[in-house]
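Here is what each chain is made of, one letter per residue.
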Amino acid sequence: MFDFLLTLVVLAPAPLLAIVVLAVRLRDAVRHGGVGTLASRVRAGWRDGTRRPVWPLLIGVAAGTAALTFGLQRLYLATVDKGPGWGVDIALLAMVLGLLAAVACAGLAALAAATVARARGFGAGTVAGLLTLVAVAVGTAAAHLPLNAAYQAEPGSFPVVANLGAGDLLLPFAVFLVVLIWALPWPVLGAARGARTETTQRLPARDVWQLLLDLATADLPENRSAWGAALRAELAAIDPPAERRRFALGGMWAALRSGRPRAAWASAAGVAVLVAAGSFAASRWSLAHSRGGILDFWIVGPSVLLLAVALVTAWRNRSFGAGLRAAALSGLAALVAIIAVGVPEALVWAQRQAGYLSTGDAVPPTWQSAVLDVVRPDFIIIMIVFWAIGAAGGAAMGTALRRDPAGVTDGS
Amino acid sequence: MARVRHPSPQTAAVLVALAENGEDWSHGYDLCRTLGLKAGTVYPILIRLAERGHVETSWETDPPRGRPARHLYRLTTAGAELARAVAAAARAAEAAPAPGPAALAPRTA
Chain A
1 MFDFLLTLVV LAPAPLLAIV VLAVRLRDAV RHGGVGTLAS RVRAGWRDGT
51 RRPVWPLLIG VAAGTAALTF GLQRLYLATV DKGPGWGVDI ALLAMVLGLL
101 AAVACAGLAA LAAATVARAR GFGAGTVAGL LTLVAVAVGT AAAHLPLNAA
151 YQAEPGSFPV VANLGAGDLL LPFAVFLVVL IWALPWPVLG AARGARTETT
201 QRLPARDVWQ LLLDLATADL PENRSAWGAA LRAELAAIDP PAERRRFALG
251 GMWAALRSGR PRAAWASAAG VAVLVAAGSF AASRWSLAHS RGGILDFWIV
301 GPSVLLLAVA LVTAWRNRSF GAGLRAAALS GLAALVAIIA VGVPEALVWA
351 QRQAGYLSTG DAVPPTWQSA VLDVVRPDFI IIMIVFWAIG AAGGAAMGTA
401 LRRDPAGVTD GS
Chain B
1 MARVRHPSPQ TAAVLVALAE NGEDWSHGYD LCRTLGLKAG TVYPILIRLA
51 ERGHVETSWE TDPPRGRPAR HLYRLTTAGA ELARAVAAAA RAAEAAPAPG
101 PAALAPRTA
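So the sequence lines, in the order shown, correspond to chains A and B. All the letters of the first sequence, read from the start, carry residue numbers 1 to 412 under the working numbering. All the letters of the second sequence, read from the start, carry residue numbers 1 to 109 under the working numbering.
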């Protein structure tokens, strides 16, 4: 049941939305120009999505990713066999950090797509976003594949980790490359969002400070969007570079402080109560039926709730960012609820010799280890990864379901 | 009866600056410069004051070519009353003997 929920509710929305967006865009293109213009539109999208300053930036992304992967692999090899001594499974931690990095890459690609789409249209944005992911994959592969080849040729010269199968030492880096496939819909969604903001007749960015302030104020909740426009208009009237920098930084801070949607605290409290009650029920049900731990619930339950919070908030505020901000606050509340219920429940499990609360796979030797299991960093990171995926999917759906009427501009 | 909040020193400064302009409209950046405060401080104050009905907002009707219309601010009648009360309280505080450390406790806008 949890697997079904995870696949259907948490992972499916983004690809489905991306397919719908592409289908609608294709239909509109065919209606306006006929099938014959599709090839020329694709060529134009490719040209606009790769021309300066995009391609030098893509090369920078690939080179940066290669250097980062090289360094992380060295760090991983230097520490992986020391994990048991530190009480941390380094290989598992690296694996879940790879998942988190894939989520971050999806965000980066969506941001790149939105930025390019704002200036050059949906097709160019999609191309730039997808190429950003390709650049990340190329950079990672360039650093990972030679090391992996060396490892497969001579595994004896590499550290040996007891709980990893033969040839699996560098698995976290290969997993990252595979999980990047999950990020593929996000350039399409980012480009669609960027192309929408293009219709609000914003002026092209004058410098990096205007670009940053544009990004920070681009997606404020509906009741704050006029203030975003006010900050942008005010910056446009300032000329001295130092004053522009100071005003833009202050404006970004104001946008962050003021961008929290209404009722975010109420949603967070609701999520905390539901997650706490759900954790307690799952714990007692698993104990009564001699099932494993409740890590599955910790991953899936809050993911579904955060998806709902992000969807409703994004829908009500007509804002993707508002959905994400509300979900972030609710996610924090969910984490507090899990720890608050998990610690006493872990003690109950330990007392009844039922195993660790998270996985139920072994009886903890001490009550301290039972409690520390609830706050294991690798489990918390994997929860955050799936919660972030659910929240992003919900925010994207909420934004798509309530689009701005055509021609609406910011105003008080 | 509605709860009366004591404005923070920064909010009081914004109120007084807007009150000095009377019926004239002010720009956010000019307020920042006049008061020596950052946009990250002044704009959240303006947002709160506008939401509480103390400040009214408008947009420039005839902006220069190539530049978007700027947002304008001035006090409402309720805002002008609040500004007068704030100024009176500040004068009374100046006239009174040194109140001790309790008066330095932070207040909310």
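Keep in mind that a hint or two might mislead.
[Unchecked claim] Here are a few chain B residues that sit away from chain A, every Cβ distance over 12 Å (derived from the structure): (1) His27; (2) Arg33; (3) Gly40; (4) Ile47; (5) Pro63.
[Said to hold, decoys possible] Under 7 Å between C-beta atoms, here's a sample of chain B residues computed to sit facing chain A: (6) Ser26; (7) Gly28; (8) Tyr29; (9) Gly36; (10) Lys38; (11) Ala39; (12) Tyr43; (13) Arg67; (14) Ala89.
Read the hints as simulated data drawn from the structure, not as lab findings. Cβ coordinates follow ideal geometry from the N, Cα and C atoms, glycine included.
Using the nearest Cβ pair, does Arg67/B come within less than 7 Å of chain A? It holds, given that the least Cβ distance between Arg67/B and chain A is near 5 Å, below 7 Å.
Answer holds if the nearest beta-carbon of chain A is closer than 7 Å to that of Lys38/B; otherwise answer violated. Result: holds, 4 Å to nearest chain A Cβ.
In terms of Cβ atoms, is chain A entirely out of 12 Å range of Gly40/B? violated, 3 Å
Gly36/B as an interface hint toward chain A, with CB separation required under 7 Å: Given a least distance of 11 Å, the restraint on Gly36/B is violated.
Verify the interface restraint on Tyr29/B: the C-beta must sit less than 7 Å from at least one C-beta of chain A. OK, holds: Tyr29/B within 7 Å of chain A, min 5 Å.
Hint check, Ala89/B versus chain A [nearest Cβ-Cβ separation less than 7 Å]: Given a least distance of 26 Å, the restraint on Ala89/B is violated.
With d taken as the least Cβ-Cβ distance between Arg33/B and chain A, does d exceed 12 Å? violated, 8 Å
Interface restraint verdict for Gly28/B against chain A (beta-carbon cut-off 7 Å): Check passed: Cβ of Gly28/B comes within 5 Å of chain A, closer than 7 Å.
Closest C-beta approach of Ser26/B to chain A relative to 7 Å, hint status: With a closest approach of 11 Å, the Ser26/B hint is violated.
Close enough to count: is the Cβ of Tyr43/B nearer than 7 Å to one in chain A? OK, holds: Tyr43/B within 7 Å of chain A, min 4 Å.
Min Cβ distance, Ala39/B to chain A: is it shorter than 7 Å? Status holds, d = 3 Å.
Non-interface claim for Ile47/B, where every Cβ of chain A lies beyond 12 Å: The claim is violated: Ile47/B sits with its nearest Cβ about 6 Å from chain A, within 12 Å.
Violated hints, listed in ascending order, are 1, 2, 3, 4, 5, 6, 9, 14; each of the other numbered hints is respected by the structure.
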